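Spelled out, the chains give:
2 protein chains.
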Amino acid sequence: MAKTKSSAQSAADEAVLTQFAPLIYVAWADGTLTKDEAARIRRHVSKGGHAEDVVARVLDRWLNPEAPPTPSDLNALLERIRSTPRVRQEPRERPEPAVDQPRVLEAMHEVENALGVGGVDTLSMLLGRAHSDARAAASFDPDRMRACMDGDRAAIRERVFKVMHRPIFNIHRVQAMSLYREQVLACLRELAREGIGAIAFPKEYGGEGDIAGSIFAFEALAFGDMSVLVKYGVQFGLFGGSVYQLGTARHHRKYLRKIMRLELPGCFAMTETGHGSNVRDIETTAVYDPSSREFVIHTPHENARKDYIGNAALHGRIATVFAQLEVRGENHGVHAFLVPIRDEKGAPMPGVRIEDCGEKIGLHGVDNGRIYFDNVRIPRENLLNRFADVTEAGEYVSTIPSASRRFFTMLGTLVAGRISVAAASNCAAKAGLAIAIRHTAARRQFGNDDGPELPLLSYLSMQRALLPRLAATYALDTALYDLILRYAEAEGGDVREIESLAAGLKAYTSRHAMDTLQAAREACGGAGYMMQNRIGGIREDVDVFTTFEGANAVLLQLVAKSLITGLREQFGEMRVWRLVRYVTARATTAVAEKNPIATRRTDPDHLRDPDFHDAALRFRENHLLNTLARRLKARIDRGATPVEAMNDCQDHSISLAIAHVERVVHEHFRRRLEACSDEALKTVLERLRALYALDRLESDRGWFLESGYFEPGKAKAIRSEVSALCRELESDALALVEAFGIPPRFTEGQLVAAAH
Amino acid sequence: MAKTKSSAQSAADEAVLTQFAPLIYVAWADGTLTKDEAARIRRHVSKGGHAEDVVARVLDRWLNPEAPPTPSDLNALLERIRSTPRVRQEPRERPEPAVDQPRVLEAMHEVENALGVGGVDTLSMLLGRAHSDARAAASFDPDRMRACMDGDRAAIRERVFKVMHRPIFNIHRVQAMSLYREQVLACLRELAREGIGAIAFPKEYGGEGDIAGSIFAFEALAFGDMSVLVKYGVQFGLFGGSVYQLGTARHHRKYLRKIMRLELPGCFAMTETGHGSNVRDIETTAVYDPSSREFVIHTPHENARKDYIGNAALHGRIATVFAQLEVRGENHGVHAFLVPIRDEKGAPMPGVRIEDCGEKIGLHGVDNGRIYFDNVRIPRENLLNRFADVTEAGEYVSTIPSASRRFFTMLGTLVAGRISVAAASNCAAKAGLAIAIRHTAARRQFGNDDGPELPLLSYLSMQRALLPRLAATYALDTALYDLILRYAEAEGGDVREIESLAAGLKAYTSRHAMDTLQAAREACGGAGYMMQNRIGGIREDVDVFTTFEGANAVLLQLVAKSLITGLREQFGEMRVWRLVRYVTARATTAVAEKNPIATRRTDPDHLRDPDFHDAALRFRENHLLNTLARRLKARIDRGATPVEAMNDCQDHSISLAIAHVERVVHEHFRRRLEACSDEALKTVLERLRALYALDRLESDRGWFLESGYFEPGKAKAIRSEVSALCRELESDALALVEAFGIPPRFTEGQLVAAAH
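Chains as they are written, first to last, in the working numbering: chain H, 72 to 827; chain A, 72 to 827.
Hints were generated in silico from the structure; no laboratory data involved. All values reported here derive from a predicted model rather than from experimental measurement. Cβ atoms here follow ideal geometry from the backbone N, Cα and C, with glycine treated the same way. A couple of the hints might just be wrong.
Calculated pairs, DSSO-like style, for lysine-lysine (alpha carbon to alpha carbon, straight line, at most 30 Å) [as the list claims (entries may be wrong)]:
(1) A:Lys704 to A:Lys632
(2) H:Lys704 to A:Lys753
(3) A:Lys632 to H:Lys787
(4) A:Lys274 to A:Lys325
(5) A:Lys704 to H:Lys787
Computed Cβ-Cβ distance ranges for the label pairs, DEER-style [claimed, not checked]:
(6) H:Glu85 to A:Asp427: 33 to 43 Å
(7) A:Ala513 to H:Gly710: 51 to 61 Å
(8) A:Pro371 to H:Ala225: 39 to 49 Å
(9) A:Glu568 to H:Arg798: 29 to 39 Å
(10) H:Asp352 to A:Asp427: 26 to 36 Å
(11) H:Ser770 to A:Leu525: 45 to 55 Å
(12) A:Asp360 to H:Ser770: 23 to 33 Å
(13) H:Ala711 to A:Asp749: 55 to 65 Å
(14) H:Asp445 to A:Pro136: 19 to 29 Å
(15) H:Ala147 to A:Asp427: 24 to 34 Å
(16) A:Asp131 to H:Arg424: 50 to 60 Å
(17) H:Arg689 to A:Gly784: 19 to 29 Å
If we strip away everything but chain H, and leave its shape as in the complex, we get (with noise of 0.2 Å):
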């Protein structure tokens, strides 16, 4: 008897459950459903025919925010509104409306032609989560500034934040790493079935060959969990992206569709343990076996073991792996081959040994490994053989006859991974900031006596650690928009400036989010320390972007090197270095002679005036030019090596490369609201134009003083100016975060396991 009651119940529980399967959905998609929350749901739900009772027991096992169900179980909710035929082929007949609750109902209609996903902010705004105030006392409209700024990625991160709202990427921050990596794959999977991972390939191997459109989707990931962020990148960029750019037709007929749909998962074997940034002296050697046709990888010892390999300790089953390819006893340099690493059933292939890295600072969700190759041996065809191949008679033949540009142009490959890292990384210094900047809006401390206690962001200290930084963000966004778009359209072109612009803004961009993120958690107080409020686990995810894909320090050099060899290219190899001294002499008695006041001018208007910010960078970044290229000069001349010469002006390097990096940001950001016809955004956009400027002039002054560009007293009231433009900026704060159109879910309260 108790048998058949229960089956009745549980028929009962079943038919309660599929009704209301999209609103508890919904109830969770941002993964936190507080006690108030699930009273106002249930108080508004219509009983829609079945028993009160079967009504309120499937409610109180579902919406419980004490025992929230497990991703897994969403996930069957989500099954069980896909298979229901009624939600999928036709809009549901809206329950007879309630006169309290129409606006529930309309979510839960909403959610359910969406096929339960992309109803999560409704309900958001609808528990009152949305950030009114924000709107309230913002001089423009965060809507349109979103729109704005968004530009041609609005459409794409909107279909990728719809996948990144099914419940399988709530992701708890703090699990064991097992269940953590297994759930990222599970991810993977989900952003794989809807194709967001072929948006880069081919449309005729079932791409979308939208180059820009992916690395707008990458970024829209940035905005959720890192792990996914970075293993999405390692399968479908890193990996797929070396089999598309360094392979040819008969890698890409045999593998991309199996790369894009996750079927094949791989990894990007470069860095070894002995080289990190200096790929070039890496170790592993490919030598040609002409007897059979066949290459044979090998660790030589210890040290050149591949090490850090993304998808490497459990799920990736074949490698790119870059070796030192050897053919008839002569070493052609670096080159990439296609290494089957796992069997079908996970286990390692013959030869290779894998060792899990264990844990990191972050990106727990990542399983990163250690490859060993014992003289593991591969088909001809492996070889990616776009720019290079070997005849099977064992001769090596090359469209580029240079090693050293065949090394770089196969280097190229990177150029989308480090673009791709510094738009994630802005997206860290946007989550960042939402998060600071709308906790110092509404916490108070301190005051005048008999005043009430003052919100932490009208402080000025405050203000100044936020509001430049917010401006940089701005500014930030621009460059690398353009940069993606210009890097989408010039594929296969000259791309030399490209690659140097995607070196320095990954460096300067993944500085400015750790800064940032530091800044934004110590002005969280307390509460920036406890994992729920996000920032930490952020900042800890970002830092490898920092180091990988090139050490900053790295990459900044050779923004500076692609600077000399321009300046060279520019007026002969011959006759640089006479010119050198030349412009020098030129450039440094030029701002005097032009415009011998502009040195001490301190009117707003100057101060402010974009073209005296433009000069101001300009001036900066041509000294430090000609300068370094005069120190290398008088080294090499008293016969240091090029090398000796560089090491002796790293410092001097590195300050160009910022100061170029800087100048072309702004560049960028003004000429964006130049062609802002909304005369409110358009305020609000040269205000934050003004102060990323004067920032950075502020922060370098003392260069600018040191060279004469600036007098004493200009410092000083650029240094006000600052102090000014941040107060002016402080009402439309809440409103620029507001318009960076982050998800709420991504902001608001992190997901800790109970069980911990």
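Based on the hints, put chain A in the right spot on chain H.
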């Protein structure tokens, strides 16, 4: 039969285990044992008359690198060593020495004499882990440097390190929070048992009456797991210190012994969710009820709950609660009360609600919690009544008439905490530098085309990232050491200057630690992102120091206010503003008048002259102080409130505070090295001093140029000199971190749980 055999086997095993216990203990004392090390130990041990198979079995079990004993296994082992009479009561007869094992035996012997502790670094050295390179290249003896820097701290450090080498202190950073917290509590018990929690307390209650020693002990603990450090600080420093310093004999008699023995774990409940650094406005109330002679402690609303309170979530049984005292309807401001929060069984007391703060960025082993009081009644005697009391009849009496003065006297209990946090921050910087400098000295990347790759530390950008921070760490060490001694001596006297310096050094050193750890982490590249590298974990923990015990920006403003007050007192309230104007003018012209060529001297003798550095740092401080006073005066004259005036000049105040700290730090460092009689030490310390001073001048050269103290050529010359000093210090860098005397187990490889 099986049982009999098993018993016999077990007895034999026990005997063997007893013999080898000290050796096993030492082998595991630093938490890791490689296969190679285990093999070497086994090759060298004497069988001591036991059956070979039994020895093999026991060692298989206990020296298996793949199945390390748990902390509780090792604790049991320590108990075994302690309870073996011959070890405890007389030096054990040395086993018959075999030719090739004297060093192992010597180590064992030492260890046994020391009751199983203290031999760790000996074994470490024995196993070849010492950094012999450091000594070979250095211009000085790191042991002598260590002795010079440690000074009076040496003995207490060794005493604390010995306890910290016990296996219970082998803390896996990545483990379930609940286990982590219990292990940290066990460490605290161990420290209490050894009297390490009693050092600061008066002898009459079983303490040692050694304030300086207690801070030096804290500093030593900072090299180990920082959850232990912070929990130790909460129990013995904040909680115990509040009972001792704010209470009177009745509290001392009743509580101090229990506190220092950890029989009464307690909390320091000052911070509220709504009030962090602004203690004066906390909202918890303590209303005196004369009818029952009780205080009623109450949390009036959610935001007034006590938050982030260490020891609250699990272990605290009583708390020093700061609350607004109300007697006969009159508010007397913030006072401290002892409020029981849990009974003997650990259940919350009636009316007390406690929540766990949950996951944090770091300090995973500290049980931070929130406490709510619902009209909780405590006896009148629980008011900590050193500075104020309420009579039975309900009369408020205080020896300090001014409410404001009373409040700040009460807050004076925080001074020791701030000094301790500053000292611990510098330890974190030391650990980060030790790890990063060893890494970059060993790891090679890039180089001349035909030569070997160069060590990372030979690159100028790397030197500039690490070596000025190394110099600052040395400089801060001297200032902190002197401050600790001065604080200990000044107990009870006028401590305003000490309070101000404690606040300044806490803010400055915690910032320094975070910056240094970030630079160190990046210097280690991909390896730096691995938890095993340790820097990440140290940073996670030390991050909290930037905001607790007073947010840094707030503390720096305290320093500025204190300097302004000093100025006023120096010249008298009335005349100060006129004087300020005069002094400012004089200070500015003084430079040029007195030494017309000082602003442009660029010869090395001058650039490294400590008098030049001192004068520059002093000029900056005086100038910032006088101009700040003038700006405040101008605003107040125009009708601003003091709060508005200070807020308007907040960046100026913070610059002044930093300038003050740097001038003072430099003076301490200079005094220390001038007192040094070892020429080799003096030479390198002098380089570090010059590097610290010049790096500070370079980083603020904008200000010096603005104020006319430097001419452009001088600023450039300072930059070159910083680079030159970095180059000179490169070969001493390893020895300089060696001289920090950090026990190897705390900088070599991180324990991470295998099961995770």
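Each hint, compared with the structure:
no.: 1; hint: A:Lys704 to A:Lys632; in the structure: holds (13 Å)
no.: 2; hint: H:Lys704 to A:Lys753; in the structure: violated (38 Å)
no.: 3; hint: A:Lys632 to H:Lys787; in the structure: holds (23 Å)
no.: 4; hint: A:Lys274 to A:Lys325; in the structure: holds (15 Å)
no.: 5; hint: A:Lys704 to H:Lys787; in the structure: holds (19 Å)
no.: 6; hint: H:Glu85 to A:Asp427: 33 to 43 Å; in the structure: holds (36 Å)
no.: 7; hint: A:Ala513 to H:Gly710: 51 to 61 Å; in the structure: violated (29 Å)
no.: 8; hint: A:Pro371 to H:Ala225: 39 to 49 Å; in the structure: holds (47 Å)
no.: 9; hint: A:Glu568 to H:Arg798: 29 to 39 Å; in the structure: holds (34 Å)
no.: 10; hint: H:Asp352 to A:Asp427: 26 to 36 Å; in the structure: violated (51 Å)
no.: 11; hint: H:Ser770 to A:Leu525: 45 to 55 Å; in the structure: violated (31 Å)
no.: 12; hint: A:Asp360 to H:Ser770: 23 to 33 Å; in the structure: violated (58 Å)
no.: 13; hint: H:Ala711 to A:Asp749: 55 to 65 Å; in the structure: violated (37 Å)
no.: 14; hint: H:Asp445 to A:Pro136: 19 to 29 Å; in the structure: holds (23 Å)
no.: 15; hint: H:Ala147 to A:Asp427: 24 to 34 Å; in the structure: holds (30 Å)
no.: 16; hint: A:Asp131 to H:Arg424: 50 to 60 Å; in the structure: violated (25 Å)
no.: 17; hint: H:Arg689 to A:Gly784: 19 to 29 Å; in the structure: holds (24 Å)
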